[in-house]
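Top line first, the protein sequences correspond to chains A and B.
Each residue of the first sequence is one higher than the last, beginning at 1 in the numbering used here.
Each residue of the second sequence is one higher than the last, beginning at 1 in the numbering used here.
Bear in mind the hints are in silico, worked out from the structure with no lab data behind them.
All figures in this text were calculated on a predicted structure; none of them were measured in a lab.
Hints may be right or wrong, so weigh each one.
[Stated by the list, open to error] Once the Cα atoms are required to be at most 25 Å apart in a straight line, the calculated SDA-like pairs of lysine to any residue come out as:
#1 B:Lys-1 to A:Gly-59
#2 B:Lys-13 to B:Gln-37
#3 A:Lys-49 to B:Pro-95
#4 A:Lys-49 to B:Gly-97
#5 B:Lys-57 to A:Ser-5
[To be verified] Covered stretches of chain B (in silico footprint by chain A; criterion: 3 or more residues with CB under 8 Å from a CB of chain A, positions within the stretch not fixed):
#6 49-60
#7 103-109
[Said to hold, decoys possible] Here are a few chain B residues that sit away from chain A, every Cβ distance over 10 Å (derived from the structure):
#8 Gly-16
#9 Thr-20
#10 Arg-73
#11 Leu-81
#12 Glu-82
Ideal Cβ positions, reconstructed from N, Cα and C, are used throughout, including at glycine.
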Amino acid sequence: AQSVSQHNHHVILSEAASLELGCNYSYGGTVNLFWYVQYPGQHLQLLLKYFSGDPLVKGIKGFEAEFIKSKFSFNLRKPSVQWSDTAEYFCAVNAAGAGGTSYGKLTFGQGTILTVHP
Amino acid sequence: KAGVTQTPRYLIKTRGQQVTLSCSPISGHRSVSWYQQTPGQGLQFLFEYFSETQRNKGNFPGRFSGRQFSNSRSEMNVSTLELGDSALYLCASSPPGTDTQYFGPGTRLTVL
Chain A
1 AQSVSQHNHH
11 VILSEAASLE
21 LGCNYSYGGT
31 VNLFWYVQYP
41 GQHLQLLLKY
51 FSGDPLVKGI
61 KGFEAEFIKS
71 KFSFNLRKPS
81 VQWSDTAEYF
91 CAVNAAGAGG
101 TSYGKLTFGQ
111 GTILTVHP
Chain B
1 KAGVTQTPRY
11 LIKTRGQQVT
21 LSCSPISGHR
31 SVSWYQQTPG
41 QGLQFLFEYF
51 SETQRNKGNF
61 PGRFSGRQFS
71 NSRSEMNVST
81 LELGDSALYL
91 CASSPPGTDT
101 QYFGPGTRLT
111 VL
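Could you put together the complete structure from these sequences and hints?
Now the structure itself:
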């Protein structure tokens, strides 16, 4: 079974600070990896995704993530955060092409609440 | 394209009742997944439907069920509601050939 661990429950930063949110997963096979964001009062939105190829992926709003296969990690980064980045961030994994019990199933981490002070 | 829509957005029920939630996927999407989001358990997968067939199911009791119609719209039903069923229920749809899921705004269910 897959599992996802997000190391930080709550991160507090000042505007212009750099951000890195950790995400580790456990699964022995090929994975698809995602970061979603949930702004206050809004629905889950896709920030970025990794399926294959370049392990450094860029998403919306200046976010990027790096897939390190040897560490089973997919950390989210942003060089300079803004107050508008205040939200909850979720890392998710799907077993790629495994069929069966992987159909349509994303396994989510517990989420990291990011608070950015102006 | 319109996004995933879910109705109703809010529901209040009492223990023992049953409830039906509806999800309309993005046009052209045939896979619909359902999730339960609670503060304690986070986001947990309920089930997934594709072409009117349930292909995958999470670890929830049989009180949780669903179906999908020929137009890809999906419903989920919870019977004999318990207090612990209070949650945000999210629906997501995926375009053909990809595992990327796009989420709706959710239905907030409160069980009293």
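Right, here's what the structure says about each hint:
1. B:Lys-1 to A:Gly-59: OK: B:Lys-1 and A:Gly-59 at ~20 Å, within 25 Å.
2. B:Lys-13 to B:Gln-37: Holds - the C-alpha atoms of B:Gln-37 and B:Lys-13 are around 17 Å apart, at most 25 Å.
3. A:Lys-49 to B:Pro-95: 15 Å, holds
4. A:Lys-49 to B:Gly-97: 15 Å, holds
5. B:Lys-57 to A:Ser-5: 22 Å, holds
6. 49-60: As far as the stretch 49-60 of chain B goes, the hint holds, because 5 residues have Cβ atoms under 8 Å from chain A.
7. 103-109: holds (count 4)
8. Gly-16: B:Gly-16 is indeed farther than 10 Å from all Cβ atoms of chain A, at 30 Å.
9. Thr-20: 20 Å, holds
10. Arg-73: 16 Å, holds
11. Leu-81: For B:Leu-81, whose nearest Cβ neighbour in chain A is about 24 Å away, the distance exceeds 10 Å, so it holds.
12. Glu-82: Holds, because the least Cβ-Cβ distance between B:Glu-82 and chain A comes to about 23 Å, which exceeds 10 Å.
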